[in-house]
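Trainee: As a plain string of letters, each chain reads:
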Amino acid sequence: MKFHARLHRGPKTLEQELELMAHETAHGVRRFRIGNQTTEAHCEEITPGVYSLLMNGRPYEAYVSKRPGDAPGPASPYVVVVGLRRYLVELRDPRRWRRTGSSIEAEGPQEIVAPMPGRIVKVLVTEGQEVTRDQGLLVIEAMKMQNELRAPRAGRVERVYMEEGRGVEAGARLIRLV
Amino acid sequence: MFRKILIANRGEIAVRVMRACREMNIHTVAVFSDVDRKSLHVRYADEAYRIGPAPSTESYLRIDRILDAARRSGAEAIHPGYGFLAENPDFARACEDAGIVFIGPPVSAMELMGSKTASRHALIQAGLPVVPGADRNLESFEEVQRIAAEIGYPVMVKASAGGGGKGLRMVRAEAELESAYRNARSEAQNAFNDSSIYLEKYIEHPRHVEIQILGDRHGHLIYLGERECSLQRRHQKVVEECPSPAVNDDLRRRMGETAVRIGKLAGYWNAGTVEFLLDPQGNFYFLEMNTRLQVEHPVTELVTGIDLVKEQVRIAAGETLAWRQEDVRMRGAAIECRIYAEDPANNFFPSPGRIARLQAPAGPGIRRDSGVYEGWQVPLEYDPLLSKIAVWAADRTEAIARLRRALGEYEIQGIRTNIPFFRRVLEHPDFVAGRLDTGFIDRVLAAGLMEEEPPSEEEESAALLAVLLHVEQHGDTAPARPAASNGWKQAGRRALLHRQPQRAGGRS
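Note that the protein sequences, when read in sequence, are chains A and B. Counting from 1, one number per residue, gives the positions in the first sequence under our numbering. Counting from 1, one number per residue, gives the positions in the second sequence under our numbering.
The hints are simulated quantities; they were obtained by calculation from the structure and are not laboratory data. In this text, a Cβ means the ideal position worked out from N, Cα and C, and glycines have one as well. Mixed in with the good hints there might be a few duds.
[Stated by the list, open to error] Partial chain B-side listing against chain A, Cβ under 10 Å, derived:
| # | residue |
| --- | --- |
| 1 | Gln236 |
| 2 | Ala341 |
| 3 | Phe349 |
| 4 | Pro350 |
| 5 | Gly408 |
| 6 | Arg416 |
| 7 | Arg423 |
| 8 | Glu459 |
| 9 | Val467 |
| 10 | Glu472 |
[Stated by the list, open to error] 30 Å max Cα-Cα, derived BS3-like pairs, lysine-lysine:
| # | chain 1 | residue 1 | chain 2 | residue 2 |
| --- | --- | --- | --- | --- |
| 11 | B | Lys310 | B | Lys264 |
| 12 | A | Lys66 | B | Lys38 |
| 13 | A | Lys12 | A | Lys66 |
| 14 | B | Lys4 | B | Lys38 |
| 15 | B | Lys166 | B | Lys264 |
| 16 | A | Lys122 | B | Lys166 |
Turn these sequences into a full structure, and let the hints guide you.
Mentor: Written out as structure tokens, the structure is:
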């Protein structure tokens, strides 16, 4: 099984070719290749989505899932949690890999949507305003808490769809960032 | 003693109260809103009644519907937990009028302590220590200005009906006073429908130390040591411990005796908490009194060995306190942290959703008070507290190590939690040394402690390998998502397989 993979952790991205050899080399031991490096690991599935891996005697427990709303299967990215860290892994069949950038990177116009139902308490930006990454855009009240939604990247606020005091559903468009 | 108690709450605290009742051989009655039908407290209770739709104003805050459920079930008493109606004197009075015992303090004490200005005023009259400031609501900006100048900057503008950090503004200099005054008033109006405010001197680098008190209806009142709750984010406690690293036997006795005097002043009975600010010189000032069980009560229980919920029930039933002050012994150290469905990597944004996987910590000295289970959907409508992990150990150093271990074992997937944040707090040298104050968490966050160390190449390989194995095992299926099959069918199949006679009457 061969794939092209992109591994994202925070702003960092790692791009590699991956191959998992079909057969065990010993009981429970699998061989796999990342780039040009071939490694072996003792692999067990603990419960669907949870894998216990022994690599050079060191144990790793990885939990593999999908982001809510993404389709099942390798076409959408996988979320992998190892200990305290989260990774996003995109897989492409090497024959169909396009070099046109990733679906995850925040490029081009971007709609900021409400992550959950709530109420807009405060709009912190105006249309036309330039914002920096992590700058607060608006304050939304949900689960009895007021929370600031921040810019995922630097850019210009093209539109503000909602005014203060409005109730919003999850997924409602709030701000368009260009 | 009561035979049946209704718990007018949800989540972990409802389960906590029911556990005490079950050990006392008292039947438990749950109430639930539409989104809580599958919640743990409903599954755990001996009886459960629907009280309305999801918004708490239509369910958990509806006095009439809760009393209806109490009458229907024949409950003789109601435990309010914390939050919702726990500090609402109208609710306590309505219970009394309906002939149902309210498990809490007398209405008069709730009313006195519910008003921050009235309680301040009463304490000042009695010569008890309060933070210097106004002893009544301030009617005009001119008055605010004058008193601020008298007590000296920095000052806090506070909502009289305040709580949870709402309607609270710190003012460093007179130039900032007017806008802080207006903002605090409008926030208080929105949050509590009451815009009255007052002023207090701002104590620099204070600790938040509170005293647990317990009293019966026959005039006995004792204190059960302190809890250090200085670790707060946005004025919400997140880590609590007992004993406080800043309190020695002498200070504990003085704070405890003051708390008992305050309780007597209010004519208090049942469990209550007197909150103090403790300044770096060891002076303490009354902050407020909470007339209910606290979220963080387990640390006191672990260190004193006294079950506060059972004592609350016994006191409400009219029993005499089984403990004298000299019987109260503190042993070892306990620390608790509150596990919330929120994402520390994204500005602590709430993270409701389905708990896809849950592995709870266990082993020596660990207590977990939880209101959740694997497969459950965390609703959006309520406070995102999932559970509390409290540990007990022989001393504080061992307790910190134990809490670190517990959090390392705690795995919650499918939603984000603040567990990674706690692991970092517990490693902080100031926390380890017990150098705490209420600004600690903000400083830690500002210093970027949330930056994580880069992973090893091997861990990245493990992440990639796990995905490959997953695709190989499950291809296009997505086993980590909720099962699409019908739960009724499965239950039917199980019933056919086992063909065991159903036990009548549930759990008792």
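Trainee: Take a quick look at whether Lys12/A and Lys66/A sit within 30 Å of each other, Cα to Cα.
Mentor: Within the cut-off at roughly 20 Å; holds.
Trainee: For the pair we were handed, Lys310/B and Lys264/B, check the Cα-Cα distance against 30 Å.
Mentor: Since the Cα atoms of Lys310/B and Lys264/B sit roughly 22 Å apart, the hinted pair holds (cutoff 30 Å).
Trainee: Would you settle whether the hint for Phe349/B is holds or violated, based on the nearest Cβ-Cβ distance to chain A being less than 10 Å?
Mentor: Result: holds, 5 Å to nearest chain A Cβ.
Trainee: Is the interface hint satisfied for Glu459/B? The criterion is a beta-carbon contact with chain A at less than 10 Å.
Mentor: It holds, given that the least Cβ distance between Glu459/B and chain A is near 5 Å, below 10 Å.
Trainee: Does Gly408/B hold up as a contact with chain A if the rule is Cβ-Cβ below 10 Å?
Mentor: This hint holds: Gly408/B lies near chain A, its Cβ roughly 9 Å from the closest one there, short of 10 Å.
Trainee: Does Lys38/B sit within 30 Å of Lys66/A, going by the straight-line distance between their CA atoms?
Mentor: Within the cut-off at roughly 24 Å; holds.
Trainee: Taking 30 Å as the top limit, are the C-alpha atoms of Lys122/A and Lys166/B close enough?
Mentor: holds (15 Å)
Trainee: Is Lys166/B within 30 Å of Lys264/B, Cα to Cα?
Mentor: holds (29 Å)
Trainee: Does Glu472/B hold up as a contact with chain A if the rule is Cβ-Cβ below 10 Å?
Mentor: holds (6 Å)
Trainee: Given the proposed pairing of Lys4/B with Lys38/B, does the C-alpha separation stay at or below 30 Å?
Mentor: holds (22 Å)
Trainee: So, Arg423/B near chain A? Judge it on the closest CB pair being under 10 Å.
Mentor: holds (7 Å)
Trainee: Does the nearest C-beta of chain A fall within a distance shorter than 10 Å of the C-beta of Ala341/B?
Mentor: Check passed: Cβ of Ala341/B comes within 8 Å of chain A, closer than 10 Å.
Checked against the numbered hints given earlier, the structure satisfies every one of them.
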